[in-house]
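> Protein chains in written order, with the numbering used here: chain A, 1 to 339; chain H, 1001 to 1263.
No lab work stands behind these hints: they were computed from the structure.
Be aware that a few hints might be false.
Stated by the list, open to error - Using C-beta positions, here's what the derived DEER-type ranges look like: (1) P322/A / S1055/H: 56 to 62 Å; (2) A325/A / S1055/H: 28 to 34 Å; (3) K5/A / A1253/H: 16 to 22 Å; (4) G145/A / A1253/H: 39 to 45 Å; (5) P322/A / H1199/H: 43 to 49 Å; (6) H1258/H / I274/A: 55 to 61 Å; (7) E1140/H / V194/A: 46 to 52 Å; (8) P322/A / N1202/H: 53 to 59 Å.
Claimed, not checked - Below 27 Å or equal to it, Euclidean Cα-Cα: the simulated DSS-like pairs (lysine-lysine) are: (9) K1248/H / K1017/H; (10) K1066/H / K1029/H; (11) K1017/H / K5/A; (12) K1215/H / K1029/H; (13) K238/A / K1029/H.
As the list claims (entries may be wrong) - According to the in silico footprint, chain A covers these stretches of chain H (three or more CB under 8 Å from chain A): (14) 1043 to 1052; (15) 1058 to 1068.
Here a beta-carbon is modelled for each residue, glycine too, at the ideal position from N, C-alpha and C.
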Amino acid sequence: MKDHKLAFVVAIILLAVSSAISLILGRYWIDIGTLRDVVLSAITGQDGGQSLATPGLVLWSVRLPRVLVAIMVGAALSVSGAVFQGLFRNPLVSPGILGVTSGASFGATLAIFTAGNSLLAIEGSAFLWGLIAVTITYQIGRRSGNSVTSLVLSGVIVSALFTAGVSFLKFKADPYQHLPAMVFWSMGSFNSIVWGDAVRVLVIITIGLTVVYLFRWWLNPIALGDEDAMTLGIDVPKARLIYIFIGTLVVAASVSACGNIGWVGLVVPHMARIIVGADHDALIPFTALLGGIFMLTMDTLARALPGGEIPVGVLTALIGAPFFAYLLMTNERRGGWQN
Amino acid sequence: MGALLSVEGLCFGYRKKQVLHEISFRVEKGAICGLLGPNASGKSTLLKCINGVLSTHRGEIRVAGKSIGGMSRQEVARLMAVVPQQMTLAFGFTALQMVVMGKAAMLGRLSLPSGKDRSDAQGALDELGVGALANRTFNELSGGERQLVLLARAIFQDTSILLLDEPTSHLDFRNQFMIMDLVREMTRTKGLTTLVSLHDPNLAARYCDQLVVLKEGRLHREGPLDKVFERETISELYGMEVVLHRPKGGPVAVFPLHGTTVL
């Protein structure tokens, strides 16, 4: 990590700057001076007077939870992407491609269908079905050649199944009671984040990311392949279980907070690898930072672009897909992906 | 000198197919033991059973008298290091990062390799003469350079037993000798006990102290080089007429007699 001090410092500054911009921008404009006054009055405990009441409310109740959740969800999706890529020694996978995201979306939709809007049920069900989806993907991939391609294809199969499941539930859902909530999941957006939900999501993601951070170096030998990792002294089945569990947990927490946001988990780890290299020691924390910056910037754009707010999932795909195309086309030059 | 590594009655199979039948042999402390046999004779499988990557059905592996049966992966990795067959990575790890991974067997689960571990790993690369490759991406290295990096990693793992799975396959003529010279040097200077599977009986004759010969998953012969390395054994093993040439002071060499005449 020490070799990349500059990259980390720049990323932290960028995160701070993009947070400040995100707090200021929006339909209710808050200038830098007001932002400073609101923060100061909160720190010193002094009442800032009537003029700070409205901006204070907008900042504390609306923008701050949204900014925090966007950063943490970006970090969670990106880190779990990096974890899954290392775990399956496959740079082409992500929670989306492995079916975790669609499994979790199915779980969330199923919970809305059966249990209404209980967030705890949605989170639990998203986690359970995300775990089921990644297990099926892994098993199909392993039984069909255990290659980069077979794992990706098996993820495509599993994603298609669960997406069909989501569509079926939408079709069957009560159009007035449940359908609007279901449609919300499939788009991916941060616009209904309130403190109550935010805190729970932030706590789950923080715990998950801390565990990954503590065990990050072990992804290096695991990324060499099962046999090699075993000869280096790693209990691969146990390690795999822990990483899949945590990776799925943070994705499920993200999906239940803001729906299905694609491409982040695939693209951000690649960007991070280009900057700090493959060593997970630096890669994991840097991926978290970069994922936070990326998601926050996308969300700020999504709500600040003229013409009304658009779902952030649309934007991440608009940026993520072309970037991944670029990676594919320049892949040979950077050492290639192996089958 | 006693046997450091002993294999007793080892059997292994996949589902219906039995691959290894009742393999027993001992490798003396400090020796280089060659594992010879034609393709599909079970050499790689045997090495994987010995280091526990494949779990054996029957039989026992002992290191200095102690069975590795109940040991954890990490405990086994402190006893034996493996140089795998030619490998290509999915990610752009550098040579130095590869070598540092040899430390995994020694680290606590929540610890990371220290700065000293990194400089020691650099030392292992220097020792094999490839220190300059430290920051190069492993996948960009040539076949010979990759084998050296993997050998450096195994040395850095600091075990008493070294297992090598066909370290010379995919290498050009010169590099085959270069790798085997270093394997011999490391075995002698570090006091290792080495088991190496080889395709080429000439390399076995040149570098090994003892031989284990496998044919169709069974132990064909085993013992000191000069007892086992005979014309009949090699002929039977590969199914072809051969002659042995014993130059004065040099290692014995084997040549095919009539091309690849099948007996």
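> Take the hints in turn and mark each one as holding or not.
Do the hints match the structure? See the list:
no., hint, verdict
1, P322/A / S1055/H: 56 to 62 Å, "violated (47 Å)"
2, A325/A / S1055/H: 28 to 34 Å, "violated (44 Å)"
3, K5/A / A1253/H: 16 to 22 Å, "violated (56 Å)"
4, G145/A / A1253/H: 39 to 45 Å, "holds (41 Å)"
5, P322/A / H1199/H: 43 to 49 Å, "holds (48 Å)"
6, H1258/H / I274/A: 55 to 61 Å, "holds (57 Å)"
7, E1140/H / V194/A: 46 to 52 Å, "holds (51 Å)"
8, P322/A / N1202/H: 53 to 59 Å, "holds (55 Å)"
9, K1248/H / K1017/H, "violated (46 Å)"
10, K1066/H / K1029/H, "holds (14 Å)"
11, K1017/H / K5/A, "violated (54 Å)"
12, K1215/H / K1029/H, "holds (25 Å)"
13, K238/A / K1029/H, "violated (34 Å)"
14, 1043 to 1052, "holds (count 3)"
15, 1058 to 1068, "violated (count 0)"
Checked against the numbered hints listed earlier, the structure breaks hints 1, 2, 3, 9, 11, 13, 15; every other hint is satisfied.
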